[in-house]
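A.B. asks: Take these sequences, add in the hints, and give me the full structure.
Residue numbers (numbering that gives the first Met the number 0), protein chains in the order written: chain S, 0 to 161; chain A, 0 to 105; chain E, 0 to 490; chain H, 0 to 529; chain F, 0 to 653.
Hints are supplied without guarantee of correctness; some may be wrong.
[Said to hold, decoys possible] These stretches of chain E come out as covered by chain F in the derived footprint (C-beta under 8 Å, 3 or more residues):
(1) 386–400
(2) 413–423
(3) 427–437
[Claimed, not checked] Quick partial rundown of chain F residues pointing at chain H, CB under 7 Å, derived from the structure:
(4) 610
(5) 635
(6) 638
Calculated directly from the structure, the hints in this document are not laboratory data.
Predicted, not measured: the structure shown is a model, and the values here were computed from it.
For each residue, glycine too, the CB sits at the ideal point set by N, CA and C.
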Amino acid sequence: MSLPEIAFALLAAVAVVTAIAALLVRELVHTILWVAVFFVDLAAIYFLLEAPFLGVLQLGVYAGAVTILLLFGVMVTRKRIFSREAATGIGPVAVALALLTVVFVGTGLGELPQGEVTIRAYDPSTLSVNLFGPNGAWLLLLGLIMLAAVSGAIFLVREGRE
Amino acid sequence: MTTLGPTGFLALSSALLGIGLFGILTRRNFVLLLISIEIATNAAILNFVYFAAFAPSAPLGISGQSIAVVLVGFAATEVAVGLAIVLALNRAKGTINVAEVTELKS
Amino acid sequence: MIPILSLVLATLLAGTAVTFLAGSRARWAALGTALAFLAEVGFLFLGYPGWPGYNGAMVPGFADQESYAWIHLYWMHVNYTVGVDGISLVLILLTAILQIATVVYSWTESKRPAAYFGLVTLTCLGSFGVFVALDVLLFFLFWEAVLIPMFFLIGYWGGPRRRYAAIKFFVYTHVASIVMLVGLLALVFYSGATSFDFASVYAAARGLSPVVQVFLFLPLLFGFAVKFPVVPFHTWLPDAHVEAPTGGSVLLAGLLLKLGGYGLIRWAVEVLPVGFAHVRPIVFVLAFVSILWGSVLALSQRDLKRMVAYSSINHMGIVLLAIGLGSSLGLLAAVLLMFAHGIVSALLFMSAGTVHHTFGTRDIPSVGGITPTTPALSTMMMTGSLASLGLPALISFPAEFVALLATWEALGYLVLLPLAVLVVTAGFYLWMMQRMLFGPPRGIPADAHDVPTHEGVAMGLLVALSVLFGVLPGLLVNVIANSPVKGFPGT
Amino acid sequence: MDALAMAAPFAPELVLLAAALLVFLLDVLGVRHLEALGAIGTAATGTSLLLVIADLGFGPLGALRTLGASHLDAVPAPGTAPLYAFSSFGLVFQGLFLLAAFLVSLASLSRPSHERGAAVFFGLLLLATLGMLLVAIASDLIFLLLAIELTSIASYILVGYTRRDPRSLEAAMKFYIIGALSSTLSFFGASLLFGAYGTTNLYAIRASAGAVGYPVLALLGFGFLLAGLAFKTTLVPFHAWAVDVYDGAPSDVSAFLAGGTKKIGVFAFFLVFLGPVLYLRGTGGANPFAGPPFDIGPVVQVTLAVVAVLTMTVGNVLALLQREMKRMLAYSSISQAGYILIGVTIGTAPALAGATLQVLAHVLMKSGAFLVVAAVAGLGVGPLIDDWRGLGARRPALSVAFALMLLSLAGVPLTVGFVSKFVLFSAAVQAQGLFVWLAVAGLLNSALSVFYYGRVLKAIFFDPATPTPAPSGAAMGAAGPPPLGAGGIGYARAAAIGLIAVAIVALGLYPQPVLGAIQSAATHFVAGGA
Amino acid sequence: MSFVVVGLLGRRMPRLEWGGWVAVVCSGAAMVVGVLIGLGEVLGPATYVDRRYTWLHLAPSSGYPNGFSLVVGTLVDPLSALMLIVVTVVGFLVMLYSIGYMHQDRGLPRYYAELSLFLAAMNGLVLSDNLLEFFLFWELVGLCSYFLIGFYYEKPSASSAAKEAFLVTRVGDVMLLLGIFLFFYEYAAAGPVGSGGWAANGFLFVQNGLPFLQQGPPVATDPTILTVAGIMILGGAAGKSAQFPLHVWLPDAMEGPTTVSALIHAATMVAAGVYLLAVTSVFIGFTATDSLVIVAVGGFTTFFAATMAVVHPDIKRVIAYSTISQLGYMVLAVGAGFSMVALYHLFTHAFFKALLFLAAGSVIHAVGTQDLFKMGGLKKAMPLTAAAFAIGGLALAGIPPFAGFWSKDDVLASVYSTLGSHPYYWPFFLLAFFSVFLTAYYIFRVWFLVFSGDRPRDPTLPPAHEGPWVMRVPLVVLSAFAVGGGALVFFPGFQRLLLKGVGFAGSLAAGIPPAYTATDLLLSGGGVGLALGGLALAWWLWGNGRVAPLPSSTATRAMRNVLLERYYFKAGYDWIGGRGIYTLARAADFFDQFVIDGTVHGFEKGFAALSDRLRRLQSGLVSDYAAYVVAGLVTVFVLLLLVAPYLVGRFGGT
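C.D. replies: Next comes the structure, spelled out in structure tokens:
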């Protein structure tokens, strides 16, 4: 087992564990913490995959902004922060469904070429050329989405003062 | 040059997807639902990044990373909108437990 | 050439619109429309071979045909194609007669008269359309177009259980239409017809294998059988008839049932002769069951309208039987019988309506001996009943006679069944007459008086017609017989 | 000049964007009259609609044409495929989207003028419409999904737009959660497809469909996409949100959702699944479960067919007993989606044309119906179907219009709903083989649907009015703003409803012009021209 | 010419009292014309005047290379001339009689209208030149009968009897219709005319200017069908002529005015059945089986009806049973192959039976009751009526030289002559022969009950008196016929009428005129003796106004009840018609409503239940919705990866 593989295995394990932990811990504030760890862990995986720009972005956007947003949401609705997660009625079914999905996706893996695959390394400049060049429309669209989201979100949140 | 087998990788991404789905199905707290969705979304992003390696050519592969970048932004935006809804809902109904927001049914 | 058929359609369309908007004068608008319609039908008749006074050569195929492109796509050509032959012409005449009769009968309708007369006119428009349409889609459109006004007529002006009846009627017939539509579409596409026109479908269907023909014929048969209605798809009919207002019942029994017969002849039997030939046993079984079932059930009814309704099932069973024979004699009988039944059942339903509002009930056992109080009504009722049970010199006789004759010719001793049922039919009519018309007066309100003038006029018209065509069936027969019988083996 | 020439084909989109920005700008500047902002929205959607029709090559509007005829249906050179392409089929759909937006925005001019947030309403409406237009020109999976997300996010907010109404917010919440889940699934599917094909360009995928290296991966990707897009299209069992959302959202927004945004899912289905349906033949691949190699195309078709039949049936069955008007309409909307899916399943030009016409019909019928519901709610009538009793006598014109819409939904002839079903099902029959059963299933379902439409008609026209008639516009006028014109409905809304009613009948009688355009577009689309 | 008759009678809208005179005048005119026609046939050579109009026509097509047409027309031949005389003469007399008899009734215009219509239809029937037209008028005649039986429609028994009459004859009609179909389909196609089959030929009695009967008996192609056809035609005749087992309606038909009974239910309409048999016997030549069946029906009915007449207390019903019985004689004769004899009896019977009815009517008119046991001693008050009744009775009983003797004797003699070759006829011959005794007994029982004695048994009866002249004249005229009608047979012209009428040349003409060999004389003597015996018994039992001559022992009482209840036939039919079929119909109705409609409702309920079940899934909890999405996703995978590949692999693509 090569070093990247060992690293990946570790990181993957951490990702899985943190993700599960985030969903299962009883207190929401702890959840946010676990999520933050999860995001950081993913960023590490991106670095491992030779996508440094993405890694940075993940750190900034997810581990930073999103986590803070979530924390903010938790704080504002704080009446419920420390409440126990309501008991779930469909737990076994949910597990079964999730597992089935995983199994089906897993079958797709059987087709992929097994063994080592070389990860292509792209430096951020290539990425930016692509991002603003031929695929610029994606970013344009993202901008529009943000416009809609921001204006809508502000409208929804502003309501309280009326 | 890093080399990495697809098996473990896709196992990770599908596991994350499964965890996300599981969360969406079982959690009642809106914020937890948001988190679950983010976990699943991250699985997709991971896939894009990884499959860049499988693309027939490098120029095609790079778009995988581009997509990942865009998706990260999109996911953040989505979370923002979700939180706006959480806040409004909390104000209107005094709860963010989706199990208590079941006025519309049958 | 005058596009006479389009002109008729336009007349009816305009008439419908004017009637809807005419407010309290709607009945005049409706009557005007009906009369104009009748005049145009007369014109059509004069131009058609077979009618006395026609001096042109007999034209095979359809007369007064018109065709305009309507929906032309790469893969389907739907046209507005109309035309008549003897079969449709006779039924169009029936439409015109019943329209006038219905309008006159309902002259004093006071509940939203504009809508009522508008819907009546619309129903007749639809029927006319069905009879002239020579395009699959056009046919289907008109077919369905009849449904909606009838739905409203039953549902708004009908009796106590009208809503249930209206929905039942609509759902039943709509389901049937849908199955029929599948059949028609399959007919077009499986035969590879170049357009939806009758001529094209007809020509293309020649090339279909017997198996395909059978499979195409069955949905069509089902679609038309519900309209007929054939037992066991008939249960919508008694409810619809009983709950419908009199005008609605008249149109329902007089016209709508004929659509089924006409459709079967035109779009199933003529187009798919081989399939028809294979399916004939089924047709016979259905027909026999209907004949028997209709009359036996009529026997057990207490409600006058319900009784007439079941007798309609019986009569339409004979029509189906006659069609099923697959001979030109049978076809003639079927068309004649449809015309006869249209007139007679209309008369009977009008009688039932008058009985209902004169005596406040249609329950046969609770009213009796009405003849001294209402001689005109009971005379006309009697005429209707006698005509319906196939008395000579009245309109049904020649039709039933030819039908039975053709049945014997084709089926031999099986004719015994419809023959025996004739006795049952006579039985329930006589039973009804004995109870209601004769005997000591029973359940007659003090203020009962004879038929109102307008109703009398309408019914009298039908009585006169049933005598006229009973004595001179040749008037119609020649028209029917001159329509080329398409699709029978050997033609 | 060059930039202008580059931008010209996007004129419809740009008009919308400019209008949206203008609306937000005016809002910031303090101009918050609903009428003013609504007029901008209406004008923008209207203009855009005209531009799209002009681009389709409609003669009289030739002068407005901004998209060169040569760009239309041009096949992009391999490898240089941009993220968007102008197909006439897409333009047709753009027209449909804009029609829905125009109608809703026109009717919304009659919303209560004291209402807050007109800017957000019209601005987001315009942005959502913009997203829809972009969907119709997408040629790239990610572009497509992002455009869908633009519409989705705008509509999440629109659903929750009456912020004080808990029902509205509940609807927004459910919409959001299921929407986000679905988008995640879509993106996951896209990632698998990216893995399987190495590209996200749909035309490239279509072209290389016959040479896919990992068919199971591809199938998984299509499966995820099916689930994700089915959310938008409200296919069973991905439909459950729709009922609650249409119910809880303001009726105008429901009209927009049912009549408008839902249709982007349809287009996305065409775009994504036509490839597999049409071209993934004989590509085979080891099936890890079932043994022998199989054709992907038929497999996808079978799956789509099952989903289509399921959708029709479940939608109809659920609508049967529904007592609330909006929920009934929602279920009927679901079943209509099933019909439309038949078109995709068959994948021939006639089927596509039929489905497209069905979309058009549904735009008219469903948005019309919800607009009427909004109007009737404005008259003080409750949400239950029983509350509508006797409306036929009180508001004959409105009732007749509504009846027309319902009859059209039921596929009764002389309405556009019939023509569309006719074309669609005749395409199914034409395709022969097992597809005939799809037509049979569809037709039987439309028969089933007659039950509940008939029930509504019965309530409106036959049943006597409820004993305590709800307060009419005049009574409300005392408390709120002065009663609206056109008998408490509002002129704009009345105009929109009238327009729809007329269109339903007109297209029912003579669909040739529209159908002609649709058929050539569909033919081009199936032929594979971009 | 004869259309004039029909036309004259067709114009029938008399009003009020003198409307009756209009009808009388019309029928008088018709009688004149009819008798003239008849005389023309009697005096001159037999002619066949046929006029035809196409009623319904199909042009030649592949199915019918010669086309297909139904025609209406009139045919005057000896047979119809004979009937024409009967119908118009009796018709006129009854009309005239009605003026007096019916004068106090409401609804006179209706009466005369219906009676005139009946006469018109009857003439039409007689003059028909084809079976279709025959059938048409046959039904019309039945309709008029229906109306006239139900003339007193307020009386439930009258309307019920009318319905019964219509229904029972309808059974016969249906059989007749089938008989017509059978006969022409199987037979005329291969018949002597054979120019393209029956479809082209229609139902004509006449082809190429000549009646079938002039063209010799044709060859049957399928004896089975011919047999069935014969039995079917017998069924029609049995219905109309009230033969067993379709006899039940005729006694009940006496609910109508007596005049109607006289005209329709004695003289004319009921005879139409015999006429039909006579006509058809000519051109289908009944097979041996047919003949046996006809003989059996006729012979049995003769006896059967006579027994019922023996005990009945209602004057009209007794005569009605007698009619049935006499019609039985005619049917018997036809069956034995002697149509002309049957017609002969028909001819005489028409007059004396009409006479009996009119005389009875006169009595009823006078005393206002039909119950024999209330009457008595009317001889003095109504001498003319008593005489007329006696003449009628004598004629009926077959006492020479009254009309009935000749014809009845002829019937018996001719049947007897066949016994050698057809031994199976023996029992029926004996029944018929013994019926002579019964006939004489029951009719004179009536006479003695009504006329003998000194006073009515029921003192409350009003004093009797003779009717006005319009009632007396017909009695006299008919008495004359009843006395002398039988002797007409010795006129060659009348003979020819009978012989030509049924189309047989001399060799087959046994019995016309009656040939009196030794055997025949013995037979006649025996008959007369039986009749006299019956007469004597009647006198012995009832001759002096006794009320109950016989002790009501259990045996006779039981038998009497059986007879009064008409062997329970009526009850049986009522049970079948009323209870049996009605119960069946109710059961069918139940099936219709709950099974057929129930199935439909079951679908509805099923869908509703499904809807309800599915609706519960819409829980309002968003997690559930998400679960559906994921479940859907999994389902899609199952479909895509498992089910669909299997299906596609199994069925080979779409």
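A.B. asks: Compare the structure with each hint and give your call.
C.D. replies: Checked hints:
no.	hint	result
1	386–400	holds (count 6)
2	413–423	holds (count 7)
3	427–437	holds (count 6)
4	610	holds (4 Å)
5	635	holds (5 Å)
6	638	holds (4 Å)
Of the numbered hints stated above, none is contradicted by the structure.
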